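Please build the complex by placing chain C on the supplied structure of chain E, with the hints as guidance.
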Amino acid sequence: MTRQSTQMAALRFEGVRKEFRSFLPRRRVLALESLDLELAPGEIVGLVGPNGSGKTTAFRLAAGLLKPDRGSISLFGLPAGSRAARARQGYMPEQPGVPERLTPAELLHFVGRVAGMGRTERAARIGELSELLSLASFVDRRMKGFSKGMVKRTGLAAALFNRPGLLLLDEPLEGVDPLGAAAVKEHLARLAAQGCAILISSHILSDVEALCTSLLVVNRGRLLLSGAKDDILSLRDLVEVRFSAPDEDRTIGRIRELVAQCEGEVVGVGRPREDLEGLFGRLIGSDSGGRRKG
Amino acid sequence: MSSRVTPSDDGAALGRPAGPVGQIIATAIQTVRQTRGPTLWTVVGLGSVLAVAGGAVLTGAGGGGDLKALLFHGALCLLLTVAALAAGARALAGDRASGRRDLLGAQPIFAPAFFLGRFAGLALRFGLAAVVLAALGGVVLSLTGGQRAFLRVTEPSRLAVGARTCDEDDIVRLTPGGPAARWTFEGAERAESRDGALRFSFRLRHPKSKPLQNTVPLRVTVRSNEEIVVERQLTVSLRREFTLPLDPIGGRDLDVSCAVTGGHNFMEIGLTGCSLVRGASGPIVALLVAALSFLPLLWSILALCLLFSAFVQETTAFFAGGVLLLVTLAGPTLQKDLTLIAAGIPGGGHSHAASHDDGGDHGQPASPVVGFLARAAGGVLSLLPETDGVGAAEALSRGECPSAGGLAASWIEALPYLGLLLLLGCAAFSWRRP
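From first to last, the protein sequence lines stand for chains E and C. With numbering that gives the first Met the number 0, letter number 21 in the first sequence gets 20, and the count goes up by one each step, no holes. With numbering that gives the first Met the number 0, letter number 84 in the second sequence gets 83, and the count goes up by one each step, no holes.
It is worth saying that the hints were derived from the structure and are not from the lab. No experiment lies behind these values; they were computed from the predicted model shown. The C-beta atom is built at its ideal place from N, Cα and C for all residues, glycine as well. No false leads were slipped in.
Calculated from the model, a selection of chain E residues having no Cβ within reach of chain C, i.e. all distances over 12 Å:
| hint | residue |
| --- | --- |
| 1 | Leu29 |
| 2 | Ala135 |
| 3 | Ile231 |
| 4 | Arg249 |
| 5 | Leu257 |
To be clear about the criterion: a stretch of chain C counts as covered by chain E if any three or more of its residues have a C-beta under 8 Å from a C-beta of chain E, and this derived list gives those stretches:
| hint | segment |
| --- | --- |
| 6 | 19-31 |
| 7 | 102-114 |
Okay, chain E solo, but in the shape it has when bound (with noise of 0.2 Å):
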């Protein structure tokens, strides 16, 4: 990577390290361990690993929320935590508190104030947000007694609210319907390819292998793995082959034969099935949309 490239990094994490310390008990946790990482404008990167091994803290850090112990981390070149650098970032936390006094509306509004836009803009950007993320039910109710999902559309409602260029975006999907899922997921991906870059982090690796192109794996403060995604997950030595032919068991034989002759071997025959995520925005898709005529 060029020198210029890299000061184009939309995140950069360089030799971060992260300590928590207790004055009573008296008592020091390790949560980052020299983290290096970087983000190019319009990548979404999956951050990856099991509870406790340093995610959370890595968004935080990024959000401007922490300060490393060491090392250093830009937003854009700009110092995490600035207020340019914030200005350009949208951070949906892994819970995020939403004053339950307000209505969802209010709190995006108050977003909107706060990032300097008109009260036209904000009611339109509302209208938008409310339409993609399925708050329009609820967006003037007010926060108390909201379901997790419901939480959770507003906190990324409220990161997506001043279109930043960089979304840090932790366990954003938990607890969000399939359906919603998939509608977020389709739209951080329209993000992405409109320049946006997303830091991404889930315990539900579907999702992140299905929207992620390079993925970084942690566990106890330190990056196990890190690449694109299609290099990290592929299977070099073995090749699959879909086929759909009238007769299956004699086309399997003859795929077999083709294998020997080639010194290889087939190791599995399977029928493909469709995944559960599919199959469940067909049927409820198919179900509201015939209520809706009936």
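Showing chain C alone in chain E's frame:
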């Protein structure tokens, strides 16, 4: 950075964050909205307490007591402070615990703007509650006839411009049929009292044993140039101060005498002092004084805002919080000083023992600012173990103004000023973003 960095799904570019004023207003609005539910309960709860206090005053009219006086004098201020502490803690510690701090802290907001906006919102909320409370309290107390109910609430509006106090050993002892206690107000004090309504407050205290009756008949006579201006026969509650309103009396020297006109022979009354006070004049000063009455409350909120502020580092918060809670307790002293300045009252007359002929040295009163600074300096100096500031502290607690020159404040007085300095330091430190 390429043009791809800025997402523009609908053609919009990244906006410039709002300016500090806009952010303060946004945060204040958000805070008021966020706390709109508890406001009602605050008003209802504190209104009920005030009503109870009014009842206590009513019953106290027939017989006072230390406990009732203490409860009445301290309850309102204490409750308001506790309510402010709770609100501040809920508003800010709640943010931290619930993760709201992360959501808000990641926004492009100035840390001081967030801090001030949060403070303004809470202050506005409590200010509104206080106005409603004052109105409620006024109605309740006018119905109950407890005109003394606002003794403490409106304390700053009775600003002492001259004071005659005495030490424990020199309490003027009044006995039925005995000689009257007399005080003279002249010179600068008299000149200062020229405008606005004048009131005298006497504080009665039984020096030795508990009195067997709760009220005492007193004759108060105010003379100017040997001419009687006011002569009143009063029945006052023991262990309570009372106020005698007077019309403006111009720039004349005043002689005040006070004598017991009846009661049991075995009763002895200690008269600890007399203050010539002036009401705050003019609507602006009155408004300012009323606002300052709630300074301890606002101070509490400020302290809690800082204590739990999202932008304060852990150790700083711990340190600042401890100091500011102390400051909160000592807030009324600061309130008094600021009120004196607001009303343009000088540093005050000398505090000295009352006597029948009052031959004390009045000296030259200091300017308000000098008085304030002197009090601050005296307060800090009084931290030294050699300094004895008990007398001055007592005078302050009675609403009197020790002179700048003769000031020797108690250690409590130092806290607001030290706290103020620490507050500024901590605030400056906390404004550093991580």
